[in-house]
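> Could you build the full structure based on these sequences and the hints that come with them?
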Amino acid sequence: MMKTRAKWHLATVVLAVGLASAARAEEVTLTVWSHEADEAAKVALREQAAKNLEKSHPGVHVKITWYEKDGLNTALRTALPAGQGPDVFYVEPDQVEYITNGYIIPLDSLINWNNIYDWARQVWTHDGKTYALPEEAYTNELYYNRQLLAKLGAKLPDSAQFTQAEFLDIVKKARAADVTPIDQGVGDRPYPGAYIIGEALLRKLGLEDYGKLLNGKLSFEDPRVVEVFTWVKQLVDAGAYPKNFMTLKLGESHHYFYQKPGALMFPMGSFYTGRAFVPVEKGGQAPDFPIGIMQFPAMDKAACNECKTVAVGASFAINAASKHQDLAAAYLNELATPEMGKRWIETVYLQTAVKTGPTEFSGPYAGYFKELMERQKGAKYFTGMPVDILTGQCKDTFVQVMNKAFPGGLMSVDEAVKTMNQGCYKS
Amino acid sequence: MSASSGEGSRGASRTAIATFLAPALVVYAGFTLYPVLRTFYNSVHLFKERTQEFVGLRNFLDILTQDPVFWKAVGNTATFTIVGTIADVLGGLLLALCLFVGPPLSRPMRVIWFTPVLMSYVVVGIIWVWLYDYDWGLINVILRWLGLGAFEQSWLGDPRTALWAVLVTHLWKWLGFNMIVCLAALHALPGEVLGAAELDNCGWFAKLVYVIIPMLRPTLINLLVLSFIGKMMLFDLVWIMTGGGPLWSTETVSTYVYKRAFDWNTFDLGYPSAIAVLWSVMIVLFVAVMTRLLRSRDRLEF
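Protein chains in written order, with my numbering: chain A, 1 to 427; chain B, 428 to 729.
Think of the hints as simulated: they come from the structure by calculation, not from any bench.
A couple of the hints might just be wrong.
So, partial list: chain B residues that the calculated Cβ filter (under 10 Å) puts toward chain A [what the hints assert, rightly or not]:
{"hint": "1", "residue": "Asp560"}
{"hint": "2", "residue": "Trp675"}
{"hint": "3", "residue": "Arg687"}
It should be emphasised that the depicted structure is a prediction, and the values quoted were computed from it without experimental measurement.
Built from N, CA and C at the ideal position, the CB exists for glycine as well.
Structure (structure tokens):
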């Protein structure tokens, strides 16, 4: 009797162990490495997509590891060449090296592209194949303090766009009134110092020639380019930028604009909201801050004064070495549903590459979004920030010259144009 | 059991020796030897589109003949190293001499001067970026307060001052270390020699030059070599404070290697590896020459 009972016990244990092993065999952990650990709304969205996938795929567990951008990129650069790394990871459009080195797979047949705007998909399309799912989109905007502008006696035209002469005049007036005309800092980023000059070049040259300039097919000694540099030099000499321009960091520059000491204008991507639309005690702008959005100035004899830059930010790609590529694609599809797109806009307060259909804005920032959408009317978009397009020596030269030294007042027009040509122009 | 049958002279078997050595050797091989060998291997290859092409010495030739930023970085690193090493050791020695004579508050001063050594470069870099800020940085605030507003500067934003500003920060961090080492060496000097010098009516300056410094020579040489090597490899402080800018005025060889490896949107580790190899060889050569020049032929015994 005892022997029989012992046998049954043994059989039960063996069965339980066997079942547990079988269950473990079916369990899959999908690994995701993501940047933006410090943006709670984005973290919540990506965690929600993970939960949705786990719900629709029993046995699947999604493990998201949160990084800061530099740490993520360093980890990926070590892991990918070794055939390691996560199934899914965060990428930005300037990281074309993942494509050229074959570390990420084409997603054309894996993603429901009906949910993604075509222009955003194009950003990730190389040689006819799409390599990443764009999630975040933004436009370059020129934010300003309505109250300060009124104090200076200036009135924004109906087009919301000053001419280049009017803009220079406002910069001079602001400086004379001891107000920083254009808040900007390049202490920790390779691009903010080039917002004004980049948007001016885009308007002056138009979509096609601006693209040629960034691709080394148009000389920086082109007279139109020199005219833009000369105008920007006038702004710099008029004291447009803060004295601590070189060391001011991106986060500090937000604070500088809407808290202390304050500035008239603040060129920034529309991801401005990520830092500004949080409680004041967490570094956000006051609820009654008189924020406005104007168009970047119209250039004389411009090819396209209605042009502006649109760019894709946060995107996700699938590791070519992943053993769970279908599941990885399923996770990306969870990120790209219209519901998630709507939730993105409502919680991140930023544009998205995901189609959401008509969205009703409400709450304290409804006015801001209305104005942001207003500034998009009739716009012709150039896709991609210069740092997304440039590579190698040209990118380094851009960072040193157009982002820092030239707006920082350290170079003449001739020196800047010559140095940019040496770094970028493929004659 | 005899030594020849597998037992060391102190009684440990070869197996035991191997067991104790193995963990350290594995770690050394994995984290030092392999990366070094791999860097040499990478330096003669071009990595592109998941393939590697043997290019021989082409990377080295390109570095030496077609790369102005490399030479700019070499110039900056050399300036930083020469000036920094001398200032570091001399400053540390002077501080140690101050404390050696036992002035009031010497204990708290020792702690205050040594504290920066315990701080990480990240913290030191961030603190000094704030101190150097044009608008609210303490240095410009003090200058304005003293009525010297004409001298205020964007210390890290001007190519003429940026490298020196970083150097001052580096000195602030490391002076305490040199001070403590020199102070320990001073306390270890034989009292009878110093006493004899005093009996001979040797003045303090003569005692310093003819007695103390010669006896401190081995310590000072070690400090010089350590400081020299550290500065030749300078990366973190520059990266945090200026990122190599403005206009490459603070670019060091190490920051340039990092940029070429990780910021240029390529996976080509060949070229940056070649810079690293070239620079390592130069450091070894410089250290060898320096040690030979500074080595005392007559061993001082006391």
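> Could you run down the list of hints and mark each one as holding or not?
Checked hints:
1. Asp560: holds, 5 Å
2. Trp675: Result: holds, 6 Å to nearest chain A Cβ.
3. Arg687: At about 9 Å, which falls below the 10 Å cut-off, the nearest Cβ of chain A leaves the hint on arginine 687 of chain B intact, so it holds.
In summary, the structure agrees with every hint in the numbered list given earlier.
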